[in-house]
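In the numbering used here, each number is its position in the sequence shown, counted from 1, plus 1.
In case anyone wonders, no lab produced these hints; they're calculated from the structure. The reader is advised that the hints may include incorrect statements.
[To be verified] The calculated label-pair distances, taken between Cβ atoms and stated as ranges, are: (1) 729 to 324: 48 to 58 Å; (2) 619 to 403: 39 to 49 Å; (3) 388 to 177: 30 to 40 Å.
Backbone N, C-alpha and C define an ideal beta-carbon position, used for all residues, glycine too.
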Amino acid sequence: MTSSSSSGTHLVSSDVSIGNGAVWTDTELGDGGELFVEDGGLAVNTLVDKGDLTVDTGGVASGVTVTGDWNENGYFEVDGGTITDLTVENQGWGIVNSGSINNVLVTDSGYIEIAALADNVTVSNGGGIEVDSTGVVRNLTVGPGGTFGIRPGEGGVIDSVTVASGGTINAADISSAGGVKIQNGGNIDFSGMAFQSDGSATLEGDPVLTLTEGSVSSSVSLNGDYSGEHFVLSDDGAGGTVATLEPDDGTPCFCRGTLIATERGETAVEDLAIGDRVRTASGALRPIRWIGHRSYSGPFVRRNKNVLPIVIRAGALGDGLPRRDLSVSPLHAMALEGVLIPAICLINGVSILQAESIDQVSYFHIELETHDVLLAEGAPSESFVDDDSRNMFHNAVEFNKLYPDAAPLPAVYCAPRIEEGPILEAIRTRLNAEAGIAPVSMSARSIEGYLDEVTRTVIRGWARTPQSENPLRLSIFDNGVAIGEVVADCPRPDVGADCGFCFVVPGGLTPHMRHVIEIAQADDPGTSRNVLGHTPWILDQQTISHRTIVRATVLASSTTMRGYIDNVSRDRVCGWIYDPSKPGESVAIQVAVNGTIVERSIANGRRPDVADVGAGPERCGFDLFFIPPLSPLTRQVIEVRNERTGALLGQPVVLEAANQFDSDLEEAVRRATGSVQDAKGYDQALSFLAAQMERLKQSHADHQSRRRQNDVQRERSRRGLALPENRAPRALVIDSRMPDACRDAGSCAILSHMTALRALGYDISFVAADEMGSASTQTMNNIEICAAPFYSSVEDLLRRQAHSFDLVYLHRQSIATRYLPLVRQYQSKARVIYALADLHHMRIARQAAIEERPELMAKARQVRDAEYAAARQADFVLTHSTVEAAILRRDVPGVEVHVVPWEVPVRKRTPSFDARQGVLFLGNFSHAPNVDAAFWLAEEIMPVVWRQRPDIQCVISGADMPERVSQLAAPGVEVIGPVFDCGVLFDKARLSIAPLRFGAGVKGKILDSLGAGVPCVMTPIAAEGTELPRDFTDATGETAEALAALIVNLHDDSTTHARLVRAGRRFIRERHDHARIIDALGRIAGDTRVKRQAG
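Kindly generate the complete structure, drawing on both the sequences and the hints.
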C-alpha cells in the first residue's frame, strides 16, 4: 500500500510505502508491519517493534527505535537512504547496504551489519556491529559489553574509536582502526596471549602499549595521553589476557593471608567463598556477596605509592589490635572512633608503614549486600563498596555473570570517610602517643644506603654513615623480629666504598606467610630505629598448594610425640612424626591394618613445611603405599605407631566398606575376574556377572522411568498420606539414527520437535534403533539417550520401561512399521505420533516416471500401503507439508493429521550482495532426488547459464556423497563433501538452487537458504507443500532453460534479490519460529494429556 503524508500515532501491521514528499510521524511497526520509505519520503519518530523498516535511495528516517525478540523479529534495512538518531535494542537488528546512518546507539543485544557509512556510533550492554568490506564507521564508542568487528580478509574501515569504562576492544582490531583511545576502565583483549600471573604491561613513546607474558610480547599503538594511568592484566576467561586501564590510585583491599572473622572462626581471606558468613564489628553474621581479587608483580608496583601495601603492626591501633601485623592496600579504611580512615593516612613510619618494594602482591576484598565493618586480624576494617572501582579487580566480569540484573547504584558508606582535617589529626596523635612512637624523619637519619634485593634466601644492599668510614653493623628484621646481623663491608664500586652487605637467611623465609623485611643500625635502641632507605621490603605470602588431598587429619595423642596423619586411602598413608625426647633420631614406625602390622619404616622423609613453622625437624615425614591396595569390600582400621614406645599417632583412621561403585571397587572386581583359571570358575564368574548385569540394567531402567518413586507415591496417595506429585509427562522418540543437523532436514525436524516437547514440559528419552552401540557415546542437551550397554534394542527398552511413557513419537515409516505394534504391547497408556519425513511412496512414484523405471511403481504401491497402515494405527499423524496432509486426509479418512513445521533460525550476520558470488546446491546424497538434481544442475542447467555468464560459479555440497557425484567437479563446478556449518557456504553464495525433478515433502535446503538470507531458485516439486509467499513465483522454474534464466537474473538484479531476501526471512520468522512449533505440537501433546485425565 502506498500512502500520502499522515500525522498522529499509527500502528502498522501490514505493508506501507511512503515517498514523493510524503511525511509520516509517530509510527509503530508491530509484528508483520512493514514500512518502506522511498525516494522523497520522510518518516519521523518510528518505533519498529518486531516489524520491518526499509529506507531506500532518497528516503529519510529520523528518530528510529528498533526492538525485536529472539525469533529475529524487529529489523531495519538501509538501501541508499539515510537514518539519523537510531537506537537498536532488545534483539532488534539491521543491515546498512548503502546510504548512511548517524547518531546511533546499539545496546541490549541489538546488532547492525554495516556495508556503507555509519557515523557517531555507540555500542554497549550486549550491542554489536560488524563491518563489511565496503563499510565505514566513524567516531565509534565501545561501552560496557559492547562488541564490534571487521570481517576477516575484508576491507572495512573503522576510524576513531573510544573504548569507555567496561568496554573491550580486541588487540587484533586496533591496527584496523584509525586511532584508538582507551578511557579509565576500558579493556584491550589480547586473545592470542595466555595469561600469566607474572605478566607485565608497559606504556612508552607515542604511546605504545607492550604486553609481556613469559617470553611472548605484543605491542599496540594507542591515541591519547596516559600519564598517571597504567594497565593491569587479567585472564579474559577464554585463554587470553585482558589489559585494563586504571588510574594510578588504589582500591581498598586485604593482602593474602589476612585472617577474617567468620561464623566458623578466623579464615584467611583467600580461602573465603561467596555465601560464607563473616562476622561484622557489630557482632552480626552476614553472607559474602562477592570477593574481588587482583595481583601485581614487583616491577609493576615499584615506587607506586598508590599500590604498595601498608603494614599495620600488631597493637598499633590500640587495645592490642590488630592481633597480628595487618597488611592492606593504601586506600583501605580502618574503622576508628566512628569514622573510616584510609590506611595511608595513618602512616607514621614505625608502627604503621608502607612497603618500599615488594616481590609481588595479591589483594582481596569482600563485598556484602551493603557496606559494613569487618574484623581483620581482630581490627575493625571496611568491606568493599563499589565506588566505580569494581573494574580494578581482575575478576570483575564474574560479578556481572553472577548478578546480570544488578543495577549500578551510588556508593553508600556505613560511616564517614575521613582523609584530612582535625578528626584525623586527633586520631593520629592519640595512636602515636599511646604507642610511645617518636618517628625518625629521613632528614634526621644518620645512615644512608639502599636495599637492592630480597629473596627467600638472600638479602642484599649497601649502607654507610657519612660521618664515618667504619663499616656499619646492621640488624635484619622480619615482621619486627631480629633474625640476624650483618656487617656492610663488601666492595660496592657503584657507590664508591666497601659498604655492601649480603645476608643469607638461615633456613630461608617460608612462602606460607608474609615477610616485612627492614634493615636498621644494629646499636639503635628502642622503637625509633635508624632504618635503611628503601625499606620495608615485603615478600608476599604465596598460594599454598597442599601436598595431598586430606581425607583424615589426626593429631598425635601422645604427649611424647608430635605429628599428623595427613592422608589415608586404600593404597596409601602419609604424614609426619617427631619424638622431642630423641631430637637427633628419626622415629621408626609401624602401620597396622585391622590389628595386623603390614608396614614398617623410618620417618625421615623431607617435610620443610613442618620445619618452617618450628613443629619439628625437616626430616620427619613418611609416605607408604599398600601393595596390593586394601580391599574396598571390608571395613579397614589403620593405625600408625612409634615402634620403640608403641605410642599411637593420633586416633585410628577408619575406612568404611565401599557402598558405591568407585575406582577401588572396580580394581577389586578386576583382580577377582583376573584370578579365574578353570572352567568351573569361568561358569561361576560369568553366571554371577550376567545376573548382576541384568539386575543393573533393570535397575537403571527403573531409575530412568521413576518406577519406584511413582509406585510409592501412588500407594501413599491411596492411603491418604500425600497428594499426588505433579510429575512431568514422559515422551519417547524413536528414529533409525542419531540426529545430525548437518546431515539432513529430517534431523533438524526431530531435534526441533524434541526441543518443543521439552518446552511443553515433557521429559524426553531418545533411542536410535540402528545405532544402539555408537549412540551410547553421544549426548544431547536435556535429552536422555537410551543405548548400549543398558539396552540392546528398542524392544528391550520398551519392555524394561513398560507402561512408563505418556507419548511415543515414531519418526519415518520404516520405524513406525517395525515398532508400532511393540509400542502398543509395552506402552499401552501412551499416545502414539507417527511423524512423516515425507510420503516416501510419492517420491518413488515420481522417480519411476522421471527415470522411466516401471519396476519402481510396484515398490511405490508397497510403501504406500505400509505408510497408510502405520497412519491408521497411530493416534496422530504428523507431516510438514500441507499438500501431503491433504492427501492423507483424502486417502486415509478418519486419521487425525497435523501439519507441524520445524524451527529454522534466521541468520543475522550475512554478507552484502556485492560480497557474494555464485550459486549453491546443498543436499543429502543418500536420497535419490538429490543425486538426480546434482547431475541435472551440472550437466544441463549450468551450461545454459554459462552461455550468458561464464563467470557464475556453482558449488555442490552435502553429506553421504557418492563417488559419481564427486566426479562432477569441473571448471565452474566445485564439489565438496559435508560441512559442519552450512553458514560458511551460504555466506559465499549469492543464491541457492533446489533443482529437484522428483521427491516429496518440505525441502530443508530451501528453508535453510531463506533463513540464511540467500534467495533460492527452485522447481515446483521442490516448492511443493511449503506455502512460500507469492514473491517466489519469480524464483520458480520447471525446465533447465527456465532455471538458468532465473539464476542469471537473480544473480545480477540486486533489487529483486533484496526483495526475495526480505520475503524469505519474513516467511521463516512467521512460519518456522520456536513459538509456532510449540503451539502446533502443543495441540497434540495437549490432547494427549486431556484425554488421559478424562479417561
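Hint check results:
1. 729 to 324: 48 to 58 Å: holds, 56 Å
2. 619 to 403: 39 to 49 Å: holds, 44 Å
3. 388 to 177: 30 to 40 Å: Distance hint for residue 388, residue 177 holds at roughly 36 Å.
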